[in-house]
Amino acid sequence: MPANEELVSFPGAQGPLLGMWHAAVPSARGAFLFCHPFAEEKKCSHRAFVHMARALAAAGYYVLRFDFSGCGDSAGDFAAATCEAWQQDILAAAELLRARAPGMDVGLFGLRLGATLACTASGSLAPKWAILWEPILEGEAYFRESLRRVLIKQMMIDGRSRTRRDELLRQLQQGEGWVDLDGFCLRGTLYRGLSALRLASLGPPARRALLLRIAPRPTIGAELEQLAAGWRGAGAEVVTRAIAAPAIWNRLELDDVSPLVAATMSWLREAS
Amino acid sequence: MEKPVAFLSDGLRLYGVLGLPPAPASRGVVLIHGWSGYRIGPHQMLVETARHLEARGFATLRFDLRGRGDSEGEDAETDLDGMIADTLVAVRFLREMAAVRAVALLGICSGANVAIGAATLEPDIRDLVLWSVLPFQPQVRKSDHLRRTRFFAIEYARRLFRRETWEKLRTGRVDFRAVRWALFSGGGRAVGRRNLKDSRRDIMAAFAGFRGRALFVHGDKDPDAARARAVFMPFCRAHGLNAQFHLIEGASHSYYSLAWKQRLITLTTNWLLSCSTSPEGPT
Amino acid sequence: MIPATIMKEVTVGEQRIEDKVKEMLVERLFLKVEPQTIGDDDVLADTLGLDSVSVFEIVVGLEEVYGLSFEDEEFDMAVFRSVRSIADFVRRKQEEQRASQ
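Protein chains in written order, with the numbering used here: chain A, 1 to 272; chain B, 1001 to 1283; chain C, 2001 to 2101.
Calculated directly from the structure, the hints in this document are not laboratory data. Among the hints, erroneous ones may be present.
Short, incomplete list of chain A residues facing chain C, as computed with Cβ under 8 Å [stated by the list, open to error]: (1) R149; (2) L151; (3) I152; (4) M155; (5) M156; (6) G159; (7) R160; (8) S161; (9) R164; (10) R165; (11) R170; (12) P216; (13) P246; (14) N250; (15) L252.
Derived DEER-like restraints, expressed as beta-carbon distance ranges [as the list claims (entries may be wrong)]: (16) A:A58 / B:F1235: 41 to 51 Å; (17) B:M1001 / A:M265: 34 to 44 Å; (18) A:T163 / C:R2092: 16 to 26 Å; (19) A:S27 / B:M1001: 33 to 43 Å; (20) B:G1240 / C:S2069: 34 to 44 Å; (21) A:R198 / B:Q1244: 47 to 57 Å; (22) A:R192 / B:F1235: 50 to 60 Å; (23) B:C1275 / A:R207: 38 to 48 Å; (24) A:R144 / B:L1247: 29 to 39 Å; (25) C:E2095 / A:R144: 25 to 35 Å; (26) C:E2095 / A:D158: 19 to 29 Å.
Cβ atoms here follow ideal geometry from the backbone N, Cα and C, with glycine treated the same way.
Here chain A stands alone, though its shape is the one from the complex (with noise of 0.2 Å):
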């Protein structure tokens, strides 16, 4: 493995964000920035993110990982965080992007809700190539999902559910309200931020952009093709696929990923 690859910290929205850099090799044709899913899903998912940087690195594209602020090895506290100040941190990462390959095609890469994010912040990018694996549509119902775990967790605990998500929902709504989300704090002000997220009210993310389903018995679902013909209809060149596997963010051990590196890898290849 060359030693093309070293860790960076830079300034956040709260305090210094750690990531690391992959350098192009040999010749670079583009640099992309990589933003990652939601509490414990980053955790489950971050070797997936190395192989995917690893191989746009061996095809010529820089790589910039990050940690949002108040997550992974970034500063801040989690139950700090807002959603503004990730879509800073975005826009402060994006900035290291275009310092280290300056005059670059920018593309953005994210899973579930950091692909989400990534799509938020694009406006100022103007980027060229968007990977979104696995998006989510709407924070809404990704945290009444999100909010099952809650449930179930206490199940397994208790033997059965001991509150409802509505009442979950009423407590993350009022002022200082806050969840315990399996260890993570979430409080009512980034929930109120992050659920309000719809991809629908946002134009296409780039110019070209892949959307990529990931679930054991994929299908590309009404909702995602409904997102890509509204891109479409923007200009933007899009094109869905559905693969076969685990859900990569959620699972308690590592999985062979390279069939979505490879599925992305050909669509880039194709997109270029």
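Following the hints, complete the assembly by docking chains B and C onto the known chain A.
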């Protein structure tokens, strides 16, 4: 203060974060993640623990084992002995960077097994914090083969794959790609028939001679806790090891709640602080 | 061009719910065993080592395969004890659906 670091182990570049307390540290802690995780730990608990310890005067190093996190190395070839070798390098690295002699190891799940393995090779490691340690693989009963031992099951499934699955494929009852994924996931190609979680050494035999202190913690709702305690408690008693065993009430294997995490970090910090008056090991 | 993965719908026909559930478990949890090796009455927490991650996958799997939905107050470990208890839950929900039509 934290800074990103990198160091070499067996020619592989490993990445991590070094944490230095405000005043020069007298002791260090190396934090070791679990089998499939990476240096931040489940729900960022290794990051939070490291920062908590830094605030109390410890130098810390959390790092990615080979084949994990940001580090170099092949995912599917990483085995327990490799992880142990990496940990020994990490200990030496922390000693140099933070100018400390005494280094404790803190490991979660298989990381705790790694900690024990490393301590048996480095006499200056005298404090072990073992979160949700599992019995070493040779101690696992054959009847447990369905449970959490997916590496064993790869060989089993491969035999079935040839006969059963081709039959189903022929009759069109199974999607080939999904099956292929199911059977070959788990980190890519397995290395022969070797169980990667098994050491080439008899680590327990060596651990019998451990002369430091060990803190064993499990969640009492962790289905592996009873099995692990059933192995380690009598073992420590039989060999006169200085070991304490704790249970965190209600907690699961990875302590998935703010309250359990907090209790675990507090218990751990207090135990490590109580070691500070123990004598340094021999040069 | 890579063709999109085409998933064939598995015809349920007269298949026992227990057997369908076993197939779903192997598929969703990416277990490296044949579905029929899981006994109807095996305690899943012991044989599969269930955690909240896998239970969540089972819930989503059941909802997709059977088109039912778990109400918040229906999260009860007794349902997830074994393949048989899961199948009984599915039969109950199907009965409720039929009764309300």
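Checklist entry - Quick one, is the R149 (chain A) hint okay against chain C at 8 Å, beta carbons? => result OK, holds: R149 (chain A) within 8 Å of chain C, min 6 Å.
Checklist entry - Lying within 38 to 48 Å: is that true of the beta-carbon distance C1275 (chain B) to R207 (chain A)? => result violated (59 Å)
Checklist entry - Holds or violated: 33 to 43 Å for the Cβ distance of S27 (chain A) and M1001 (chain B)? => result holds (37 Å)
Checklist entry - Taking the beta carbons of E2095 (chain C) and D158 (chain A), is their distance inside 19 to 29 Å? => result holds (27 Å)
Checklist entry - How about P216 (chain A): closest beta carbon in chain C under 8 Å, or not? => result Check passed: Cβ of P216 (chain A) comes within 5 Å of chain C, closer than 8 Å.
Checklist entry - Do the beta carbons of E2095 (chain C) and R144 (chain A) sit within 25 to 35 Å of each other? => result Since the Cβ atoms of E2095 (chain C) and R144 (chain A) sit about 27 Å apart, the hinted range of 25 to 35 Å holds.
Checklist entry - Does R165 (chain A) pass the interface check with chain C, least Cβ-Cβ distance below 8 Å? => result holds (6 Å)
Item to check | M265 (chain A) and M1001 (chain B) - C-beta distance against the hinted 34 to 44 Å | outcome: holds (39 Å)
Checklist entry - Under the criterion of a CB-CB separation shorter than 8 Å, is R160 (chain A) in contact with chain C as hinted? => result holds (5 Å)
Checklist entry - Are L151 (chain A) and chain C close enough, Cβ to Cβ, to be under 8 Å, as the hint says? => result holds (5 Å)
Checklist entry - Is the interface hint for G159 (chain A) satisfied, with its Cβ closer than 8 Å to some Cβ of chain C? => result Holds: closest Cβ of chain C sits about 5 Å from G159 (chain A), inside 8 Å.
Checklist entry - Given I152 (chain A) as an interface hint, is the shortest Cβ-Cβ distance to chain C below 8 Å? => result Holds - the Cβ of I152 (chain A) comes within 8 Å of chain C, reaching about 5 Å at its closest.
In the structure shown, a violation is registered for the earlier hints numbered 11, 20, 23, in ascending order.
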